Amino acid sequence: MTSNETTPGTRTSTRSDGPTGAAPPDRRRWFALAIVMTAAFMDLVDVTIVNIAIPSIQRDAGASFSQIQWITAGYALAFAAGLITGGRLGDIHGRKRLFLLGIAGFTVASALCGFAVNPEMLVASRILQGAMAAMMVPQVLSIVHATFPAHERGKVFGLFGAIVGLGAVSGPLLGALLTEWNLFGLEWRPIFLINLPVGVAALLLGRRFITESRAPHALKLDLVGVALVSLGLLMLLYPLTRGRELGWPLWGYGSMAGALVVFGVLVAYERRKAARDGSPLIELSLFRVKSFAAGIAVQTVFGVALGVFFLVWTLYMQIGLGWSPLRAGLTGVPFSIAVSVAAGLSVQQLVPRFGRKVLQAGALTMAVGVLLYIAESDRYGLGIAPWQMALPLVVMGLGMGLIVAPLTDAILSGVPREHAGSASGLINTVQQMGNALGLGLVSVVFFGQISDHLTPDRVGPAFVNAFQHALVWVAVVMGTIFLLMFALPRRPAQHVEGADAPAPSAAGEHDEERDGERDGEPAAHALVP
Numbered sequence: 001m002t003s004n005e006t007t008p009g010t011r012t013s014t015r016s017d018g019p020t021g022a023a024p025p026d027r028r029r030w031f032a033l034a035i036v037m038t039a040a041f042m043d044l045v046d047v048t049i050v051n052i053a054i055p056s057i058q059r060d061a062g063a064s065f066s067q068i069q070w071i072t073a074g075y076a077l078a079f080a081a082g083l084i085t086g087g088r089l090g091d092i093h094g095r096k097r098l099f100l101l102g103i104a105g106f107t108v109a110s111a112l113c114g115f116a117v118n119p120e121m122l123v124a125s126r127i128l129q130g131a132m133a134a135m136m137v138p139q140v141l142s143i144v145h146a147t148f149p150a151h152e153r154g155k156v157f158g159l160f161g162a163i164v165g166l167g168a169v170s171g172p173l174l175g176a177l178l179t180e181w182n183l184f185g186l187e188w189r190p191i192f193l194i195n196l197p198v199g200v201a202a203l204l205l206g207r208r209f210i211t212e213s214r215a216p217h218a219l220k221l222d223l224v225g226v227a228l229v230s231l232g233l234l235m236l237l238y239p240l241t242r243g244r245e246l247g248w249p250l251w252g253y254g255s256m257a258g259a260l261v262v263f264g265v266l267v268a269y270e271r272r273k274a275a276r277d278g279s280p281l282i283e284l285s286l287f288r289v290k291s292f293a294a295g296i297a298v299q300t301v302f303g304v305a306l307g308v309f310f311l312v313w314t315l316y317m318q319i320g321l322g323w324s325p326l327r328a329g330l331t332g333v334p335f336s337i338a339v340s341v342a343a344g345l346s347v348q349q350l351v352p353r354f355g356r357k358v359l360q361a362g363a364l365t366m367a368v369g370v371l372l373y374i375a376e377s378d379r380y381g382l383g384i385a386p387w388q389m390a391l392p393l394v395v396m397g398l399g400m401g402l403i404v405a406p407l408t409d410a411i412l413s414g415v416p417r418e419h420a421g422s423a424s425g426l427i428n429t430v431q432q433m434g435n436a437l438g439l440g441l442v443s444v445v446f447f448g449q450i451s452d453h454l455t456p457d458r459v460g461p462a463f464v465n466a467f468q469h470a471l472v473w474v475a476v477v478m479g480t481i482f483l484l485m486f487a488l489p490r491r492p493a494q495h496v497e498g499a500d501a502p503a504p505s506a507a508g509e510h511d512e513e514r515d516g517e518r519d520g521e522p523a524a525h526a527l528v529p
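With my numbering as the guide, the letters of the sequence shown map in order to residues 1 to 529.
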């Protein structure tokens, strides 16, 4: 039963996750959704906005190649390493509280990035920014999960998918505009400073409109688990991030192999921790929920595909074709629009009728778009125009949109509310791991096709050829995702269907109890109606 208690200094209530059949939805939930989606958009944009401004940063700040590498890699490493911990801290101390702390820290870190006096300060500030994002981002899906009734979540995740699509392309476009405008003579700095007014507004509005929620049972932070997760991810992601720059040294392969050992130790420790006091960092019982386990596998491999594509796409346009950042950013607009449209349609209209076939159709559609892009690139070569890329980008965007929104919903649909933060952290972490793996593969499938000693007249053709080769691998990965999706539930959960379903009845509550017992979770916290 939902219980409310007064929180000193705020006008919100604290919600302990439990059965919500008799609890009316929070009337402020749509304001809360707008706030947390804005924060998610900030993070998505910030991940990509820096890439466009790299030449300006290198020229203005005098950063070395290694420092430039760490301006992007430092954020990714801190973000991936802290996501699971951030999700669990939200479960323990309150998702609203952690969200507000995260967005405040993210805003401060953005200011430090914008006012960095040297490359070393910029690198350190980016690492801090990634750590604060790891505190903020897991709370987004957790707050949605705890705030919205089951029958509304399909619509919400449709909006989330649209935000993902918009953020994926808006970052480079916004970065290009801010860099070329050179506002107040600040060169690249506005790409970070733009976060300040948005962050302050989200902080003030979040205090008023977001309802606090946390796990119903007392939990403790698993410090040993935090250390093992951080160590394992660092051992895996650091060599992948810097491997090509360092010439793929032997210690890098040893580190990645050692990461698997660390993850094995982590699983064994988390099992003992769960049996001993019920407060593991990673709730391994989540993987007994078929929809969660299958969705996590799909999410990881999908992250690999996106990691490969977006990096080689940027290199292809800006170095291979010699386009300006603004022209490259504008080229991605059809892709962004297609993702947003397909994401909304998939959850509300297509998934209720066709179930997982929609996600599988998305994987095949995206693969077709990739193959079309290869054909267009081969046909027009260095003379290709942005409008000639529009068709393959739209097809790819439609495919991605059919996947992103329903996939998130499918993963979380059977997750008990008490573990929503942990599950959200895992979702984001495996996506980041997939992206990192994809970025590592770029050195093989893209740079492996390019000679180290190219004359200026050979740079363009070499990059075009490498782009086509890399996209063949992306198409293969999308085919693999299609096969993995057979492990997803055939039909969507009730709340995915998006029908204007009433709040669960007494009979529905009995169904929840049976589902909870089948999944091995306490019936009081089962979510599948």
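Hints were generated in silico from the structure; no laboratory data involved. Some hints here could point you the wrong way.
Label pairs and their computed distance ranges (CB to CB) [claimed, not checked]: (1) Phe354 with Ala293: 16 to 26 Å; (2) Phe115 with Val341: 34 to 44 Å; (3) Pro456 with Ala201: 22 to 32 Å.
Nothing here was measured: the structure is a model prediction, and the numbers come from that model. Glycine included, every Cβ here is placed at the ideal spot set by N, Cα and C.
These are the hints, each one checked on the structure:
no., hint, in the structure
1, Phe354 with Ala293: 16 to 26 Å, "22 Å, holds"
2, Phe115 with Val341: 34 to 44 Å, "39 Å, holds"
3, Pro456 with Ala201: 22 to 32 Å, "47 Å, violated"
The structure shown violates just one earlier hint, number 3.
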